[in-house]
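Chains as they are written, first to last, in full-length UniProt numbering: chain S, 1 to 255; chain Z, 1 to 421.
No lab work stands behind these hints: they were computed from the structure.
Here are the simulated distance ranges between beta carbons:
id	chain 1	residue 1	chain 2	residue 2	range
1	Z	Leu97	S	Glu7	57 to 65 Å
2	Z	Leu97	S	Gly66	56 to 64 Å
3	S	Glu7	Z	Tyr196	37 to 45 Å
4	Z	Gly256	S	Tyr113	43 to 51 Å
5	S	Glu67	Z	Arg193	27 to 35 Å
6	Z	Arg193	S	Glu132	32 to 40 Å
7	S	Glu132	Z	Trp404	36 to 44 Å
8	S	Arg14	Z	Leu141	29 to 37 Å
Keep in mind it's a predicted model, so treat the numbers as computed, not measured.
Using N, Cα and C, we set each Cβ at its ideal position, and we do this for glycine too.
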Amino acid sequence: MSRAILEVSGLSMRFGGLLAVNGVALSVKEKQVVSMIGPNGAGKTTVFNCLTGFYQPTSGSIRLNGEAIEGLPGHKIARKGVVRTFQNVRLFKDMTAVENLLVAQHRHLNTSYLAGLFKTPAFRKSEREAMEFAAHWLEQVNLTEFANRPAGTLAYGQQRRLEIARCMMTRPSILMLDEPAAGLNPRETEDLKALIGVLRDQHNVTVLLIEHDMKLVMSISDYIYVINQGTPLADGTPEQIRENPDVIKAYLGEA
Amino acid sequence: MMTKNLKTAFFSALLVIAVAYPVIGLKLTTVGIGLEVHGASPAVLWTIAGAAIVMFFWQLFRDRLGAAMASAPRLPKVPASASNFLTLPSTQRWIILGLVLVALAWPFFGSRGAVDIATLILIYVMLGLGLNIVVGLAGLLDLGYVGFYAVGAYSYALLSHYYGLSFWMCLPIAGMIAALFGYLLGFPVLRLRGDYLAIVTLGFGEIIRILLRNMTDITGGPNGISIANEYKPTLFGLSFERRVPEHVQTFHEYFGFAYNSQYKVIFLYLLALTLVLLTLFLVNRLLRMPIGRAWEALREDETACRALGLNPTAIKLSAFTIGASLAGFAGSFFAARQGLVTPESFTFIESAIILAIVVLGGMGSQLGIILAAIVMILLPELMREFSEYRMLMFGALMVLMMIWRPQGLLPMQRPHLELKP
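Use the sequences and the hints to build the structure in full.
Following this line, the structure appears as structure tokens:
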């Protein structure tokens, strides 16, 4: 089996008296789709926030390709290839779809002031490549015809797809999706499932997923972690999780 | 419903009296060395009472009046198609080009006073374009922008006064010093957001002014410092002043004209125009560069920017620094035009006017800012008789704008990007 790309152990996050995350451990292997499930308020998003540097974890270690990344600011972690989406869509709403994709490539562009002011050939080339890359991904997520529409005017499902395309602009190694299927209709969920498959198989992206749609989770995940009240409850393949009595109890309550 | 209206109406009328009576109804007259308060003429008092009554009935019957107004012919609105056409980036570029042509011809047809006012407008266009980067594009509410303007003006004045540097030497240095101030202030301040940032920058602007006023030994305090004629702007070494030291050649002597102060006014105007054109070019390029897109993205969603690997602090700092350097250039030109800088040229009201230009023009739109600068500077000049009511008119203008065009005079649509170049 392939090597682990992200290893988390003993991750805890305390807000004052509340221990929101307590001793969570994850091991994500390259090119896997790993899901994190659990009841509402279980601390899944908090784990995401810790992993991506939006929170500074109280304790625990996070290793990306063997390198400790806990405590780094968010943009530095993103530059190491860990990119996320948010539970509520966070596009740049007044900017057009294609501009959203160009912004995300910022780090890979020629950002020299002089080159930009005088439109040097190197600058033009860098901008052209960015445009081609953006066009390529707009096509991948089926939004080419909306390229010049302000992102805020797109339909909800389209915004979700655009957000994933925007993440791909940063050429990530791990893509973390926070409830990507929330608010999607069944057909759009199917498209999403296909898209995640494409990301993993054709673009070598490891996907970490928070999701409530069990049908989706069970059908695409290679591995599942269950979190309940901040503590890890179970982990295993979809089959193991489906039959785990603790998980059933946590979801359905005591009989 | 009626009782609620009655209450609102009563308090509105009371408010009219409470505001209008002390402001218009009482007159201060100097008697010897003291002041005496006199009541205004009965006509004025009756007008105030009348206004209060009108306000009372207006508030009382507002709902019904509103319904009646709806059926009456409405204020002509800008048709959607025209508005769409005017906000297109390509249209705006042509309008700007037309304005530039008019501006080039202006000094050769306008009177001396007209050219002088146009120069002042150009200074505010520059300031507006600079603040637009900070407020309009990067979304950082900066109420102390005039501080950087002062830094630029004083840099030139002090450098020429103590080190004998010429305008052309000082202009880039002033821009750099202002940029440095922007950078240094930006570091601690840009952690703050929104209102907090506004308050701190407001404080910064005032600190600069008060510092300049109190460092009497260096800056001359409230008297300011004047700039000697030989250090004023020159055209390839030719001075436009009447009296200069021996070693300086003057424009009128070189070409053998009689001295005419009109030359100097026109020269300063063209200099300001050049600076504005350079600024326009700079802002235009910045908008289409990765950094310009990053500013706008940051304004819309800082968290998302961070998640995509953009460093918010670095991006904000760049906006703050570039904005400050533009204010520095404008400031040193202002000092050159005035020939004298005093701390009182850099009060908060200047910041407010520049901010009003940005808001009035439509955040982020360059043409809008040019138009707004013309309106904001020209209106008070045209209505000198009403100068007491200047602030009142600014207020009314702002309120009207918020009702009529909350997006600003001429906002700009997003440029259309072709996918396949």
